[in-house]
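Going by our numbering, the letters in the sequence shown line up with residues 482 to 628, in that order.
Think of the hints as simulated: they come from the structure by calculation, not from any bench.
All of these numbers come straight from a predicted model, not from anything done at the bench.
Be aware that one or more of the hints could be misleading.
[Stated by the list, open to error] Straight-line Cα separation of at most 25 Å, PhoX-like style, residue types lysine-lysine; simulated pairs:
1) Lys539 <-> Lys621
2) Lys531 <-> Lys555
3) Lys621 <-> Lys555
4) Lys527 <-> Lys517
5) Lys555 <-> Lys592
6) Lys500 <-> Lys524
7) Lys592 <-> Lys608
8) Lys531 <-> Lys511
9) Lys608 <-> Lys621
10) Lys539 <-> Lys517
11) Lys605 <-> Lys570
12) Lys539 <-> Lys561
13) Lys539 <-> Lys500
14) Lys555 <-> Lys608
15) Lys511 <-> Lys500
16) Lys605 <-> Lys621
17) Lys570 <-> Lys592
18) Lys531 <-> Lys561
19) Lys570 <-> Lys621
20) Lys511 <-> Lys561
21) Lys561 <-> Lys500
22) Lys517 <-> Lys561
23) Lys605 <-> Lys592
24) Lys570 <-> Lys539
25) Lys608 <-> Lys531
26) Lys608 <-> Lys539
27) Lys608 <-> Lys527
28) Lys561 <-> Lys524
29) Lys524 <-> Lys511
30) Lys517 <-> Lys531
31) Lys527 <-> Lys561
32) Lys570 <-> Lys517
33) Lys539 <-> Lys511
34) Lys517 <-> Lys500
[To be verified] Here are the in silico distance ranges between beta carbons for each label pair:
35) Ala581 <-> Val535: 36 to 42 Å
36) Pro507 <-> Lys608: 40 to 46 Å
37) Gln533 <-> Met513: 56 to 62 Å
38) Gly516 <-> Asn553: 25 to 31 Å
39) Val554 <-> Met513: 56 to 62 Å
The beta-carbon is built from N, C-alpha and C at its ideal position, and this holds for glycine as well.
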Amino acid sequence: MSSQEALRLAEERNLDLVKISPNAVPPVCKLMDYGKYRFEQTKREKEARKNQRVVEIKEIRMSPSIDVNDFNVKLRNAQKFLADGNRCKITVRFRGREMAHTNIGQDLLLKFAESCGETAVMDKSPKLEGRHMSIFLSPKPAKDTKK
482 MSSQEALRLA
492 EERNLDLVKI
502 SPNAVPPVCK
512 LMDYGKYRFE
522 QTKREKEARK
532 NQRVVEIKEI
542 RMSPSIDVND
552 FNVKLRNAQK
562 FLADGNRCKI
572 TVRFRGREMA
582 HTNIGQDLLL
592 KFAESCGETA
602 VMDKSPKLEG
612 RHMSIFLSPK
622 PAKDTKK
């Protein structure tokens, strides 16, 4: 249908001729109320924006000489963050002579990652940066049971 015919038809029906995909050859147009079309478009955009979620990185700090109960509290907090869908950065800070025993911190981080094994995946192995050693944990992707 030519553009003149489409415009005439739109005028007869008191509708607007709206270009749906202008890059197509030939361009695709529809007869519709333009105000209603814009309303639907903004409604769809708002819905898409509402469903988007920014993943935050939550940091949990420890020292190499952390006690068992404190370790368990940090572990529970990390599991809570991971359950919410956030990534976790687990950091061990070395002070003074503790720098001579970085293997203790590495063992602590590996134990932490192993304890979170059911809910998280370790992104990087323990890495020493200055006086801090850290790992990143990401939540395990949810398994789709529907097929």
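Now for the hints, and whether the structure bears them out:
no.: 1; hint: Lys539 <-> Lys621; verdict: holds, 16 Å
no.: 2; hint: Lys531 <-> Lys555; verdict: violated, 31 Å
no.: 3; hint: Lys621 <-> Lys555; verdict: holds, 19 Å
no.: 4; hint: Lys527 <-> Lys517; verdict: holds, 15 Å
no.: 5; hint: Lys555 <-> Lys592; verdict: holds, 12 Å
no.: 6; hint: Lys500 <-> Lys524; verdict: holds, 19 Å
no.: 7; hint: Lys592 <-> Lys608; verdict: holds, 15 Å
no.: 8; hint: Lys531 <-> Lys511; verdict: violated, 28 Å
no.: 9; hint: Lys608 <-> Lys621; verdict: holds, 21 Å
no.: 10; hint: Lys539 <-> Lys517; verdict: violated, 43 Å
no.: 11; hint: Lys605 <-> Lys570; verdict: holds, 10 Å
no.: 12; hint: Lys539 <-> Lys561; verdict: holds, 11 Å
no.: 13; hint: Lys539 <-> Lys500; verdict: violated, 46 Å
no.: 14; hint: Lys555 <-> Lys608; verdict: holds, 20 Å
no.: 15; hint: Lys511 <-> Lys500; verdict: holds, 7 Å
no.: 16; hint: Lys605 <-> Lys621; verdict: holds, 14 Å
no.: 17; hint: Lys570 <-> Lys592; verdict: holds, 14 Å
no.: 18; hint: Lys531 <-> Lys561; verdict: holds, 23 Å
no.: 19; hint: Lys570 <-> Lys621; verdict: holds, 15 Å
no.: 20; hint: Lys511 <-> Lys561; verdict: violated, 49 Å
no.: 21; hint: Lys561 <-> Lys500; verdict: violated, 48 Å
no.: 22; hint: Lys517 <-> Lys561; verdict: violated, 43 Å
no.: 23; hint: Lys605 <-> Lys592; verdict: holds, 14 Å
no.: 24; hint: Lys570 <-> Lys539; verdict: holds, 6 Å
no.: 25; hint: Lys608 <-> Lys531; verdict: violated, 36 Å
no.: 26; hint: Lys608 <-> Lys539; verdict: holds, 17 Å
no.: 27; hint: Lys608 <-> Lys527; verdict: violated, 41 Å
no.: 28; hint: Lys561 <-> Lys524; verdict: violated, 33 Å
no.: 29; hint: Lys524 <-> Lys511; verdict: holds, 19 Å
no.: 30; hint: Lys517 <-> Lys531; verdict: holds, 21 Å
no.: 31; hint: Lys527 <-> Lys561; verdict: violated, 29 Å
no.: 32; hint: Lys570 <-> Lys517; verdict: violated, 47 Å
no.: 33; hint: Lys539 <-> Lys511; verdict: violated, 48 Å
no.: 34; hint: Lys517 <-> Lys500; verdict: holds, 14 Å
no.: 35; hint: Ala581 <-> Val535: 36 to 42 Å; verdict: holds, 40 Å
no.: 36; hint: Pro507 <-> Lys608: 40 to 46 Å; verdict: violated, 57 Å
no.: 37; hint: Gln533 <-> Met513: 56 to 62 Å; verdict: violated, 28 Å
no.: 38; hint: Gly516 <-> Asn553: 25 to 31 Å; verdict: violated, 59 Å
no.: 39; hint: Val554 <-> Met513: 56 to 62 Å; verdict: holds, 59 Å
Hints 2, 8, 10, 13, 20, 21, 22, 25, 27, 28, 31, 32, 33, 36, 37, 38 from the list above are not met by this structure, while the remaining hints are.
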